[in-house]
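Engineer: Let the hints inform the model, and build the full structure from the sequences given.
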Amino acid sequence: MSGHGPKLALPKFLSFLKNRPTKENGLVSWLTTVDHKRIGILYLYTSFFFLFVGGIEALFVRTQLSANDLEIFVGSTYNQLVTMHATTMIFLAIMPLAAAFFNFMIPLQIGARDVAFPRLNAFSYFMYLAGGIVLNASWFMGGASDVGWFAYAPLTSATYSPTHGVDFWILGLILTGISSTVAAINFIVTIINMRAPGMTLMKMPVFSWMAFVTAFLLAFALPVITIALIILFMDRNYGTTFFQTAAGGDPILWQHLFWVFGHPEVYIIVLPAFGIVSEIIPVFSKKPLFGYKLVVLSGAAIGFMGFTVWSHHMFTVGMGPIVNSAFSITTAAIAIPTGVKIFNWILTLWNGKIKFSVPMMYATALVFLFMVGGFSGLMHGAAASDFQQHDTYFVVAHFHYTILGGGLFGFLAGTVYWLPKFFGKMMDEERGRKIFWWIFVSFNLTFFPMHFLGTSGMPRRIYTYSSDMEWTALNGFITLASFVLGIALLVFFIDVIKAVKSKNKASADPWDARTLEWSIPSPPPVYNFADLPKVEKVDEFWESKISKKPIKTLPRDPHGIHMPGKSWMPLITSVGLMIASFGAIYESDLRYIGLGIFLLAYYGWALEGDAEYYLPYPKKGRK
Amino acid sequence: MFLDFILAPQNWLDPAGPVASDQKDLFLFTLYLCLVIFVIVGGFMLYSILKFKAKPGDEELPDQSHGSTQLEVGLMIVSGILVAIIAVPNVKLLYKLAEPPRGSNPLQVNVIGHQYWWEFEIPEYGVATANEFKIPVGRPVEFNVSSVDVIHSFWVPRLGGKVDAVPGRDNYLWFQADEEGWYSGQCAELCGSSHAKMKFEVQAVNDEDFLIWVEKESSPANQPATDLAKAGKDLFLTKMCVTCHAVKGYDGAIGITGPNLSHFGSRRKLAGMWIENNHENLENWLANPAKFKPDNIMALQGPMYIDENFALTKDEIEKLAAYLKELY
Amino acid sequence: MEALKLQPVITAFSVFGIFVCIVLTYYALLNLFKSFPRVRSKKEKEAMMDKDSDPHHHVETYTGEPNIKLFWWVFLASDCMFFGSLITAYLIYKGQSLVGPYPLDVFDMELTTISTFILLLSSFFMVLTLSSIQKGDLGKFRFWCFSTFLCGLTFLGFQVYEFEHFIHEGLRLKTNLFGSTFYLLTGTHGVHVAIGVLWLLGMFIYSFWGGITKERAIEVEIAGLYWHFVDVVWIVIFSVIYLMELPIGG
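Chains as they are written, first to last, in this note's numbering: chain A, 36 to 658; chain B, 619 to 946; chain C, 220 to 469.
Simulated from the structure, these hints should not be mistaken for laboratory data. Please note: incorrect hints may appear among the correct ones.
Said to hold, decoys possible - One side of the interface only, derived from the structure: several residues of chain B facing chain A at Cβ under 7 Å:
(1) 693
(2) 713
(3) 715
(4) 718
(5) 739
(6) 786
Even glycine gets a Cβ: it sits at the ideal position worked out from N, Cα and C.
Structural biologist: Below you can see the structure in the form of structure tokens.
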């Protein structure tokens with residue numbers, strides 16, 4: 036972690052640390068991996084798994100709502116399903132899907148062999164898994180959190196939520212929060228410090244740029260919610276008074292702290308997807324991205340402005356017309372940089388020669404769907420009419436259009452686009468088209484009617500409704516459509532597995548693309564680039580194809596290809612923290628045991644050093 | 619069948635008062651603006667996708683334009699103008715909604731949210747009731763909204779937007795009903811297991827009927843007439859109902875944990891405005907309130923549900939129901 | 220004759236000492252700022268490479284700064300948001316407690332001034348620690364490293380003493396808003412100091428195994444970065460919590 040240098044100085048009793056794991060195959064190789072590509076694959080599979088967990092929770096919710104006065108899942112059970120559906124989807128499915136692509140693609144796009152801190156990268160993955168385990172353990176250990184994914188105080192206090200569900204939720208999110216914060220800093224350092232020579236920031240691929248902005252958002256927003264979670268935990272378990280009105284505390288403080296994180300969070304979800312679209316549209320239009328500079332700057336602007344709008348989630352809390360006006364204005368202002376992106380994508384298509392492969396279908400669908408979601412968002416931003424829209428299904432429609440239409444569609448596009456690079460296989464084009472249409476149509480049939488449920492006054496998070504509310508027909512229809520969507524997404528994933536297991540072999544550059552990751556084999560060798568590239572222009576790979584000149588490379592290191600050593604420490608530290616979390620929830624000695632394991636493994640990590648090794652270069656001309 | 623929602627009792631696109639009407643206008647204004655932009659931009663996109671499809675076999679590259687700063691800046695300026703256009707009516711309406719028109723003599727109503735029922739007080743007339751109240755037509759009503767436990771949200775969609783009921787805080791809302799009728803309201807902030815069942819209703823009536831209602835509500839409760847009801851009244855004390863419920867004129871019935879039952883018999887619905895207030899429903903409710911409202915306080919803390927010594931027999935339930943229905 | 224009152228003398232020394240330490244810490248930070256991450260010209264990078272006597276060194280970073288230093292700068296920026304949220308919570312609830320004890324009931328300004336001085340002194344020692352190893356003087360390194368460690372430990376000792384005193388006065392975590400926000404904010408800071416103290420001890424011990432060398436002075440530099448950050452945060456906390464309670468002109 037501290038740079039390269041002379042041999043490790045360890046006393047005899049610690050010399051076992053020098054024996055680093057070396058297995059290349061099998062379970063152990065995955066548990067000790069520090070290879071960003073493998074970590075990306077781990078994130079990909081794990082997030083799809085949680086996507087289905089969250090999806091099943093959603094289908095249970097939809098089943099309960101399919102008709103009036105049903106009693107399949109009622110009261111607290113229903114609230115647990117709703118809370119966990121949202122928490123799972125946001126923290127365990129969508130964010131890690133973005134992480135999967137960050138992990139795999141960023142080093143490849145910037146011409147590096149790995150990220151700045153490979154072991155820390157593995158640690159991020161295992162912490163995510165640990166957080167997912169803690170969150171879902173609650174189902175089997177007394178019930179999950181049932182207070183909604185934004186967990187407003189004082190409903191979350193020990194008085195009104197006496198069981199452990201909320202504690203599991205808190206600790207699970209602290210673990211995933213550490214995972215993401217550390218990963219964000221890792222990517223920031225990687226992007227600043229490990230770009231190929233000549234690749235100024237303004238020559239970097241847009242996806243890496245959006246990852247860069249997202250990483251800053253994560254690094255600055257996550258600490259705020261971590262504090263909120265900690266003080267909530269203290270209120271619940273140690274009697275502090277942060278949100279206790281009887282002691283003068285203000286429940287609204289929770290809302291402020293939560294949403295200062297919560298709003299940047301949604302840009303954390305959507306900016307990577309925008310980055311993927313900005314990669315795909317130029318490739319399949321055979322033209323450069325229109326207005327690269329402004330697209331990049333608008334991404335940075337959205338990131339920055341995302342920190343100025345949080346109270347638009349709190350318009351009905353009673354902050355007064357001055358504050359409500361201010362946040363309405365800042366909220367509406369974000370439409371401007373978002374518009375820049377949309378216009379530039381369309382202008383990239385204009386005058387292009389468009390090939391509608393499956394990734395392009397998802398990417399263009401995203402633009403339409405995000406527009407729908409973005410416009411309903413703009414409508415919420417008008418505080419005076421938001422007093423009607425807030426906490427209704429109109430909002431539910433809005434955020435599903437932006438998170439699924441804007442986020443998930445981007446990641447589905449990325450999956451199809453980059454699968455050849457991940458696994459060296461192409462997905463079936465014909466099946467892919469059919470699956471796309473199933474997903475696209477069922478998605479719209481599920482969520483568009485929710486706008487009407489919202490305007491006809493159906494609030495969020497109600498487990499049932501009476502027949503005279505006139506919501507029955509729409510709800511029944513939405514439930515049917517949601518099952519089709521669930522099945523379609525399952526089929527998509529099955530198709531991914533089919534492709535991975537198939538015998539086809541993808542070429543290095545199956546899409547005739549523009550960025551550096553396509554200049555190396557599919558899948559890449561463990562060292563990514565045999566010869567590290569030097570860059571002169573944006574889309575250097577494309578330029579080299581056009582001019583038929585090979586990409587310039589750096590001189591070879593006389594020692595060989597420098598690789599980071601594998602390690603058990605990322606896994607062990609994560610396990611330690613996971614055990615400590617269970618201990619904290621039950622106030623048992625486990626917390627000290629867990630912390631002890633963490634500290635031991637932490638020192639092991641610090642003392643074992645980089646243990647880098649060298650691989651021989653392949654023969655010149657071969658990759 | 620799919621268009622049923624247009625007739626929904628909480629359809630705020632069918633406003634019945636000036637506040638909801640103004641909010642609907644702003645909503646539709648932003649909607650139409652967005653719709654126009656969507657059609658233009660989306661249409662452009664659709665057109666590009668169709669017109670610039672690559673012809674099979676065509677390997678030639680299109681013009682590799684990198685962009686036009688002028689065009690982009692122009693589009694940004696246009697977006698900025700559109701955004702500003704939305705901001706103006708929004709800010710104006712926010713200030714308009716901050717208080718009722720000058721010189722309009724608003725009625726004051728206090729709203730207190732509980733898990734899972736709404737407490738309403740009209741201090742001017744000494745009215746204290748729950749889940750159902752009346753207002754005069756054509757007169758603005760100011761609400762002071764708070765909560766005793768968790769955050770709820772007070773919302774009557776057809777009359778106006780919502781405001782949160784936050785413990786330790788006094789929030790404010792006003793609206794006015796311009797048409798006589800019943801208006802359905804609902805809690806709009808997740809407040810626990812029975813959030814879905816925390817509904818209420820407000821009826822807008824003419825001034826005369828309002829005064830009649832207020833007169834009745836502020837007067838002491840009826841004395842029971844039938845024997846069954848008289849027995850029920852005794853049970854109301856011995857079964858500890860009085861510790862949580864108030865009945866005006868009944869010595870010792872001054873509980874504030876649960877709704878004021880002084881004129882319970884005249885309410886249209888019960889159990890959070892869920893089911894009709896008739897004998898059968900009332901008896902079912904008394905037998906097992908948790909069935910209608912999971913985790914409600916009465917079921918969780920009422921001695922007759924948690925202490926065997928106080929359990930209610932079918933006979934006792936019948937008597938209590940009779941008493942309650944006579945609290946007209 | 221009246222017994223000489225020690226307290227005002229110590230306080231005066233401490234205040235003077237704080238000013239000296241602030242100047243020294245500023246100097247230390249200035250040194251750090253000279254190596255603030257930025258893109259360097261080719262010449263600068265080559266000069267840096269020459270200074271680097273490590274024959275194995277081959278990886279050139281885009282900015283010329285080692286990854287680890289960049290990592291810590293970004294991490295500390297993130298940590299600022301962490302402390303920022305806690306300080307915000309404190310400020311929002313300042314003066315809102317419904318019951319006592321209240322800050323002026325329990326604060327011992329002189330004591331805290333002394334402990335602040337000690338922490339700032341430790342930052343100065345940290346600068347000396349770093350410059351010792353940058354010159355390759357292992358002996359001096361160990362001396363100043365241990366001194367920094369002692370100062371940090373003393374500061375923690377003062378904190379523990381102060382907390383015990385407050386608890387004795389009736390101020391606990393759950394007593395009131397002041398208790399909750401105060402203990403959490405200063406406690407979090409204390410945990411950061413404790414981590415730093417362990418880090419310093421670790422470096423001290425590691426130096427006996429040959430683990431601290433001139434070539435890897437960067438490792439000491441980042442410990443210094445962390446330590447100075449913890450110090451700066453304390454200055455903010457001290458001002459917001461303690462100094463802001465003093466009546467103006469008092």
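Engineer: If you check each hint against the structure, which ones fail?
Structural biologist: Violated hints (numbers, rising): 4, 5; every other hint is consistent with the structure.
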